[in-house]
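S.K.: Chains as they are written, first to last, in the working numbering: chain H, 6 to 229; chain V, 6 to 249.
Simulated from the structure, these hints should not be mistaken for laboratory data.
Zero decoy hints are in this set.
Derived coverage of chain H by chain V (criterion: at least 3 residues anywhere in the stretch with Cβ under 8 Å from a Cβ of chain V; other residues may be distant): (1) 122-128; (2) 138-152.
Simulated crosslink set (DSSO-like; lysine-lysine; CA at most 27 Å straight-line): (3) K117(V) - K146(H); (4) K146(H) - K113(V); (5) K114(V) - K130(V); (6) K150(H) - K117(V); (7) K233(V) - K25(V).
Virtual Cβ for every residue (Gly too), placed ideally from N, Cα, C.
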Amino acid sequence: MAYSFDFPAVFDYTPVLVDGVVLTAALTVVSTVAGVSIGIAGAAARTSGVKALDTAVGVYVEVIRNTPFLVQLFFIFFGLPTLGIRLPEWQAAVLAMVVNLGAYSTEIIRAGIQATPRGLIEAGESLAMTRAEIFRHIVIKPAMKKIWPALSSQIVIVMLGSSVCSQIAAEELTFAANFIQSRNFRPFEVYFVVTALYLGLAVLLRWLLARFGNLVFARRAARA
Amino acid sequence: MSLVKLTGIHKSYGDNEVLKGIDLKVNEGQVVALIGRSGSGKSTLLRTINGLERINQGSIEVDGACVDPGQSDLRALRLKVGMVFQQFNLFPHLTAGQNVMLAPVVVKKQSKADVRTIAEEALAKVGLADKFDAYPDQLSGGQQQRVAIARSLAMKPRVMLCDEITSALDPELVNEVLAVVRKLAEEGMTLLLVTHEMRFAREVCDTLVFMHKGRIAEQGAPEEVFTKPATPELAQFIGMVTER
Ligand SMILES: Nc1ncnc2c1ncn2[C@@H]1O[C@H](COP(=O)(O)OP(=O)(O)OP(=O)(O)O)[C@@H](O)[C@H]1O
Ligand SMILES: [Mg+2]
Numbered sequence: 006m007a008y009s010f011d012f013p014a015v016f017d018y019t020p021v022l023v024d025g026v027v028l029t030a031a032l033t034v035v036s037t038v039a040g041v042s043i044g045i046a047g048a049a050a051r052t053s054g055v056k057a058l059d060t061a062v063g064v065y066v067e068v069i070r071n072t073p074f075l076v077q078l079f080f081i082f083f084g085l086p087t088l089g090i091r092l093p094e095w096q097a098a099v100l101a102m103v104v105n106l107g108a109y110s111t112e113i114i115r116a117g118i119q120a121t122p123r124g125l126i127e128a129g130e131s132l133a134m135t136r137a138e139i140f141r142h143i144v145i146k147p148a149m150k151k152i153w154p155a156l157s158s159q160i161v162i163v164m165l166g167s168s169v170c171s172q173i174a175a176e177e178l179t180f181a182a183n184f185i186q187s188r189n190f191r192p193f194e195v196y197f198v199v200t201a202l203y204l205g206l207a208v209l210l211r212w213l214l215a216r217f218g219n220l221v222f223a224r225r226a227a228r229a
Numbered sequence: 006m007s008l009v010k011l012t013g014i015h016k017s018y019g020d021n022e023v024l025k026g027i028d029l030k031v032n033e034g035q036v037v038a039l040i041g042r043s044g045s046g047k048s049t050l051l052r053t054i055n056g057l058e059r060i061n062q063g064s065i066e067v068d069g070a071c072v073d074p075g076q077s078d079l080r081a082l083r084l085k086v087g088m089v090f091q092q093f094n095l096f097p098h099l100t101a102g103q104n105v106m107l108a109p110v111v112v113k114k115q116s117k118a119d120v121r122t123i124a125e126e127a128l129a130k131v132g133l134a135d136k137f138d139a140y141p142d143q144l145s146g147g148q149q150q151r152v153a154i155a156r157s158l159a160m161k162p163r164v165m166l167c168d169e170i171t172s173a174l175d176p177e178l179v180n181e182v183l184a185v186v187r188k189l190a191e192e193g194m195t196l197l198l199v200t201h202e203m204r205f206a207r208e209v210c211d212t213l214v215f216m217h218k219g220r221i222a223e224q225g226a227p228e229e230v231f232t233k234p235a236t237p238e239l240a241q242f243i244g245m246v247t248e249r
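Chain V on its own, in the form it takes in the complex:
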């Protein structure tokens, strides 16, 4: 049984069909990297999976929570799916600890004392136990992104979506964030990552999904996909990213 099951997803912005029938299954504990050229629809796909974008056709199923164009229990879906954004999107008026505590208290109505413990654990997991009372603008980009990961973790999602979460970081801060993702992967978290860090994708992910013009053009184990691309598009893409 797959944890995430996408069936025939179509998504258009006006006349521009961005997703042209996506089928994808992700098993519990699987770590999937989405790669592909700019504009191929990676972010859009990720955003449909927690209901930030409505789909025109198809269905999304995550651990029993189901969304299609007709019926959408977004709350049920979002309780299963965590998301980390490129721009961190921490709440600027709240401390790191408050950022992490907000949703469990407000959405899950858990007691403040319980949530405090959860938040401390989540921040400790991302190596920021000592930053509980720091405000976002007192943290480096890498630290902010790790708080964002902790914020998502505190909701105990079944799967986490990460959209280029190191792209807004200075190069020297990328590794501390990737290390956290690597740790989550090792602990068995189900992850769906859009990334341009090919070396990381190769090392950490069990599946690479190559998107091209709104379709999944190829998918498979990283070594296989990298060494034996079946389509010219992927071969060209690999050439492009390894040149850099």
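Same shape as in the complex, but just chain H:
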């Protein structure tokens, strides 16, 4: 079998690839910020001691964690218009990713919150702090620090999972790949390059998240 590789045939489409990388990155950034925010709020709700809140958020979390991401995406993009909610591709993609990461991060962050030693909460109570003040100033930061590696992995999973959004023609990286190979008929080269790009993005994202974690959760050098 004599196949001659033709990578320049891929690089002719560099602008398309760049657009794809940019949209994938943008989807990831937006869904990370919004998804983790939902996760913090959801975890707060689940640990609030308010039964109705806990149950409501619990249902959300279990529905999302026990259904395929692709189906969630289709539901938003193809299903919701029936109710008059019509979203452009990229908005549907963002919404699906936010809802998905929100559910997973709720559970991850909740585990961190529940690992808070009881004594720290009592110390806060004995200082006349309210539940909300205790959550904000005592509980959440050590909890986030503890689960940051797990949360980082979940964020990378969501970034990689965004490739599914090509199915609703959101023009992210996988969409770009499908587009290019339908033009140049070089699937090996195209998917090789795109695989490398995803790998690069994932490594970069992990590095950024680790840096961010160090920045936010590291202590200032003590004067000793």
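Keeping the supplied structure of chain H fixed, place chain V with the ligands upon it in accordance with the hints.
M.R.: Leaving out everything else, chain V with the ligands in the frame of chain H:
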């Protein structure tokens, strides 16, 4: 007028009645030691006084702040009552200074600059002026407990509760913490201490309260209580603790 007034306090965990009607008055500046066997309800009693445990019956009054099973303004109560725990319970992500500053800033909404001064004074009082920027895990147990005392002091409580605050410490670190408590007592702070340090209780406290099975079995001046126990339970308890 007593600063702390406990009336008919009952507290149960399920079927287990742990406090069976406690009446206790503590005057301003009084230093009271709670002693008694393990399980007699000392910690539970202390924890009811700042609302960490709900009571089933009775009332707690501290300097006008009142809590009973029907109505509870826990915030008002806790602003009057400081608490120091056996396990220090310092916030691990904050420096000593930040630990001390947190509640005055967040709860009392005092300005950061004012609170910084208060925190520096509080840490100086416990002999840790130079540890403002140290994190809890960079401090010894004795130092951590002193930061915890400073944290409580910074809220300017009317009374401080201490539950076996030297029990988690290595023996050589006990004295530095007791010295701080002694200083607070001398300065007129109202203190309610659960302690197993009998020598300390005898020297520093004006009143000893002996608890037995959820009741106050005896109370009085330390010398009196120690030398002339009225109940066999106390006599036995004294024998037990002085043997050690
Ligand atoms: N959260 C709880 N749930 C159920 N029972 C409890 C709880 N806390 C304490 N008890 C019970 O209440 C009783 C009194 O406990 P408490 O901790 O007040 O005793 P103590 O006098 O402080 O003892 P020690 O000297 O060992 O600290 C014990 O029988 C204990 O098992
Ligand atoms: Mg106890």
